[in-house]
Amino acid sequence: MPEPVRTLFRPPFRNYQFDSAYDEMFEAPGVPRPHYRALFQTLLELPPEEMRKSQQAADLSFLHQGITFTVYGSDEGTEKVFPNDLLPRIIPHQEWRKIESGLTQRIAALNLFLEDVYHRGRILADGIVPRELVYSCRHFRREMRNLTVPRGIYVSICGTDLVRLPDGSFAVLEDNLRVPSGVSYMLANRKVLKKVFPTLFRDYGVCPVDHYAQALLGTLLALSPLQSTTRHEPTVVLLTPGVFNSAYFEHTFLAQQMGIDLVEGRDLLVHDNVVYMRTTAGLKRVDVIYRRVDDDFLDPLCFRRDSSLGVPGLFNAYRAGAVSLVNAVGTGIADDKAVYAYVPAIIRYYLGEEPVLPNVETYLLTDRSQRDYVLEHMEELVVKAVGESGGYGMLIGPHSTAEQREEFRQRILAEPRNYIAQPTLSLSRAPCFLEGEAQARHVDLRPYILYGENVTLVPGGLTRVALRRGSLVVNSSQGGGSKDTWVLRA
Amino acid sequence: MNGQRNERRQTTMLSRVADSLYWMSRYLERAEHTARLIDVDFELRLDQSPEASSGRWLRLLEALQVPPPEDGKIDAAALTQILTLDKTNSSSIISCVTAARENLRQVREQCSSAMWEQLNRLYLQVNSTTSSEAWLLHSYVFFRAVREGAHLFHGVTDSTMSHGEGWQYIQLGRYVERTDAVARLIGAYFSRLPYSADQAVESEEYLEWVGLLKNCAAFEAYCKNYTAELRPLRVAEFLLLNPECPHSVRFSVDKVHAALQAIAELTERKAEEPERLAGRLRATLSFSQIDEVMASGATAYVASVRQQCGQAHNAIHQIYFDYPVETELAS
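In order, the protein sequence lines correspond to chains A and B. Under the working numbering, the first residue of the first sequence is numbered 217, with each subsequent residue one higher. Under the working numbering, the first residue of the second sequence is numbered 865, with each subsequent residue one higher.
So that you can see chain A by itself, here it is in the shape it has in the complex:
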């Protein structure tokens, strides 16, 4: 019974609270899981003042380095420091192995799906995924039909959001197959934690993540349209929407780490289906573009005409095979939240395997009976717009007002294809150092997957934290922060 363990709750854990969600650190109140014991012990011995100082030093270092993101729609000071929490989230080796194999399986299947949908469409003809679901997706690109992309890989940079269910198993919450972000925070967090807990870090035996940029560059080079025998080393660039983009810090960071040029649309031009960048020494040919610009804005001649971020003629050069775009255009159909519901079926169809990582139960609102159920149970469910990301366009039933529910009800009825619903998940909780003590906050996990010559995962990822007490939203735009993720060596 909990009586005796209560006494174990010494500072900084005095106010650590439990609920029905899975706790990353404790298997029972006051009893840490084996892989958290060393951290637990360290925290009991560390004066809170030390931690506070470390936190201040970390915050200041983030501010000075300009590790910031931009919040859209806020007036004052658009740059904000991305809050980081100093207590690592620890994942045992065995668990990571499973995540790794599950995500490798998933990216392979999703790429086969994209290749199929943009060519013969077998999966649609066989009725596994409804045709109208794919064709009605806002991110479906007709222009991609029958276009062959290097190695047949559409998604080579992916960030998949995982959550832990109350029983402790991991499930996939969503795939980010267009322009996933956050990997720079993973690397920045690691750098800070190594300074804060040097001994603990060493004793734990944590898998390194620092080679991410190198692996990313390798992936980009593997997707070059050039054959190895041709004229020169491929020129790789990172295309950013510019300094006002919310992830601009990350773009500069990755370009610097990879040693490639960070370009904006206005630096590029297309002539005779060849892409050039304007350099001080004249025009220079570009072969691979890691683009952090959405499909819509890539080429005003092909997609949105009012885009000033893109490069006129870029898509034609791409079609002609003169340049690679990474990720490919039109990958958004595979991370559409309604298509998501079919991913387990997609995995079975192409690979003949059972999914290693399950999906979260999802209600499709185009289906009459599922829709009726959702409309009756809105206060228990989470409703999401299918094409949105970043925590925008979302209703969290238990935290919503009657007014908001009514608004979503109307929207669902008007456009059922645009929404899905899922049960409200109680994301697992991990200790965070807040207000001078350890408090429990909900977290998820976004590992980053690369797919070039083969699939690479750097062990770890971004653990995102809902910093507001009781909140389930981890997105940085909605009051979320992050913490370092330690994957332990065997």
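If you're looking for bench data, these hints aren't it; they were derived computationally from the structure. It is possible that some hints are incorrect.
Taking beta-carbon pairs under 10 Å as the criterion, some of the chain B residues facing chain A (in silico) [said to hold, decoys possible]: (1) 878; (2) 982; (3) 1127.
Every residue, glycine too, gets a C-beta built ideally from N, C-alpha and C.
Keeping the supplied structure of chain A fixed, place chain B upon it in accordance with the hints.
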């Protein structure tokens, strides 16, 4: 090409990046220059009558290209505010530091992390300053911080960034800005202050010429060269033609020319226009005699220097930053 894989140019630099580095450097130099001017004034004002002080403010405003107040009344406190913390004035210190940082932010991946951190820190410091009576009284602390921040930035730059093309654009921006600013300052003094060229200046006047030298961080260096006896002719010679004083026009133009030579070599550009213009200006300065300069008027001389410097700036822009694509594709 011989078969060896040797120092073939491996790196490229985007025109936009070069442009940003150049302007970042110009803005930072401008902020530093303005800070020094106001700081020197603040010190001199304590020793002077209000009339003498407002005369200097008029020169200072001319040197900074700020229109004098319409009613002609010089209010040092109000002007200090406008030139330092007024965000609506695009040439105030706060605006210049912000613009410098914004330019660097757009090319962050090109500079070292230490450089970015240093400039970002200066920006955060300047932006957290609010104007008040008390602040004004101790504003020298602020001006010193701006000057030191800029010096530190250049020190960090020199020791952490490769001295390649990007570094050269930073040099270029810094010294183009300095050439222009110092030339303007000399022009303002020699056109507005009565002097007789080859006589030692005295009393009230003396402070003004000390002010000019201090505005160029050159008072101590001048004394070492010519002793503390100030003669306008020597002051002009020192600030215009001295090859060793880092704030002289000659020194700055030498640096501009050197940077342009290095850039031309690194980019393997055939176009010689910027280098030719800077080279001509450099030759003019190195062969000029101060007596001749003064005979035909110092003001006219610096006007011509500024004009040539402007031509070089335009040529840099046209050759490296904003060239017509058609000619490139044809070549």
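Status of each hint after checking the structure:
The restraint placing residue 878 (chain B) at the interface with chain A holds, with a minimum CB-CB distance near 5 Å, inside the 10 Å limit. The interface hint given for residue 982 (chain B) is met, as the beta carbon of that residue sits about 9 Å from the closest beta carbon of chain A, less than 10 Å. A distance limit of 10 Å between C-beta atoms decides the matter here; for residue 1127 (chain B) the minimum to chain A is near 7 Å, and the interface restraint holds.
The structure fails none of the hints (numbered hints given earlier).
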